[in-house]
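Participant: Below are the chains, spelled out letter by letter.
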Amino acid sequence: MAAKDGREVSSKLVLYSFWQSSCAWRVRFALNLKGLSYEYKAVDLTKGEQFTPEFEKLNPLHFVPVLVDGDIVVSDSFAILMYLEEKYPQRALLPADPQRKALNLQAASIVSSSIQPLHMMSILKYLEEKIGPQERFLFGQTNIEKGFFALEKLLKDLAGKYATGDEVSMADVFIAPQIAISAERFKIDMSTFPILSRIYDSQKALREFIAASPEKQPDAVN
Amino acid sequence: MAQAHEEKKLKLYSNWGSSCSFRIRIALNLKGLEYQYIPVNLLKGEQFTPEFQKLNPIGYVPVLVDDEIIVSDSLAIFMYLEEKYPQHPLLPSDLQKKAINFQAANIVCSSIQPLQNLAVLKYIEEKVSPDEKIPWVKFHIEKGFEALEKLLKGHAGRYATGDEVFMADLFLAPQIYVGIKRFDVDMAKFPLLSRLNEAYSELPQFQNAMPENQPDAPSA
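Listed in order, the protein sequences are those of chains U and Z. For our numbering, count along the first sequence from 1 and bump the result up by 463. For our numbering, count along the second sequence from 1 and bump the result up by 927.
Accuracy of the hints is not assured; some may be wrong.
What the hints assert, rightly or not - Covered by chain U, according to a simulated footprint, are these stretches of chain Z (three or more residues, beta-carbon under 8 Å):
no., segment
1, 950–960
2, 1002–1016
3, 1019–1026
4, 1032–1045
5, 1072–1079
In short, the hints are calculated from the structure, not lab data. Note that the coordinates shown come from a computational prediction; the quantities given were computed from them, not determined experimentally. C-beta atoms are modelled at their ideal positions from N, C-alpha and C, and glycine is treated no differently.
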């Protein structure tokens, strides 16, 4: 079918993704949870494929992930997740209860605003250049731990098998990839975070999470 | 408008200078919601008092209290208000436009604001050098502003995503304010954001929410 601007569009969802991107991981996880099949289009960030004219048309900010749903193009993992939640309400990721919903959004915000931005490649590279690799590592580690402490406090009275109860929700979608990527890379002692450790045990056992993990993606490199 | 001495259903724990609080003050004004303004003096560490910790153990402002419901984090508060008080909707119903609003808000929340907060600036000042602090901040603000100029190019009208005020405007206005007032960003490079800023300056709901107009703003 043709989009308004004449592009050939599939009637299927298309996800532009990079295997290692934790933001893309969130979206892949959510798509799996909602039982939504999609076409995977790899954007090799190491080769600068985010700067091609084709990709620029989709996202002039050159970020992955980008979701294309017919005529609609959505960039930014948070915007994509909110779009999916509204357009495909099956297996709702945000609870109906306003207090629980708010806590899920707060958890998502802690990950996407307080943790992930502070260990982005560009930031770490800057620190390494200005101060050195040891300091770069400490900076990443400190900020992740700070964010994890915040999540422990936030989820204290709420967590069950998963972050905000016994069902998987938006908070898990943000938290699980974050733990997976940062615990290893920054040698985080997860025993300091008993709630996160416990919910991560549940999250990482989900087939939807496993299928979304970097090494399982078509563009994964060994 | 906030009235400290009357009993109001909604309570907003806020700090005059906090851009996250600024966003929510605009939202409350636009929706015509009266609220009790409860200042939290961040410099004096009031976010660490037992009372405030009970509301938000993470110690951030803003916090909204609506009867038994307590919401922290400006994004979560925004979504709560939008759902609970649907008057003067702050998200368009069109899914594409709605997504652009989320994306713009997130550019501010994730790509700009976290890199200009006090803790990070202090770190740069101490570990890199005091001279590096301002260039660092300006670099990230300008990068974010460039991204916003590109993002909003095909969508802006009188305001960020059309001719009505939506979520993107609420997140943009405080960020532009901080960029100009605190870090002296050269707005000539950002014609769309400059134009939007002008438009915001004509709206009383934005003006009333500005830092210097808050009860806890330091007197000149």
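Participant: For every hint, state whether the structure bears it out.
Facilitator: Verification of the supplied hints:
1. 950–960: The restraint on the segment 950–960 of chain Z is violated, since only 0 of its residues have a Cβ under 8 Å from chain U and three are required.
2. 1002–1016: holds (count 7)
3. 1019–1026: With 4 residues closer than 8 Å to chain U, the segment 1019–1026 of chain Z meets the three-residue bar; holds.
4. 1032–1045: holds (count 8)
5. 1072–1079: It holds: at least three residues are needed, and the segment 1072–1079 of chain Z offers 3 whose Cβ sits within less than 8 Å of chain U.
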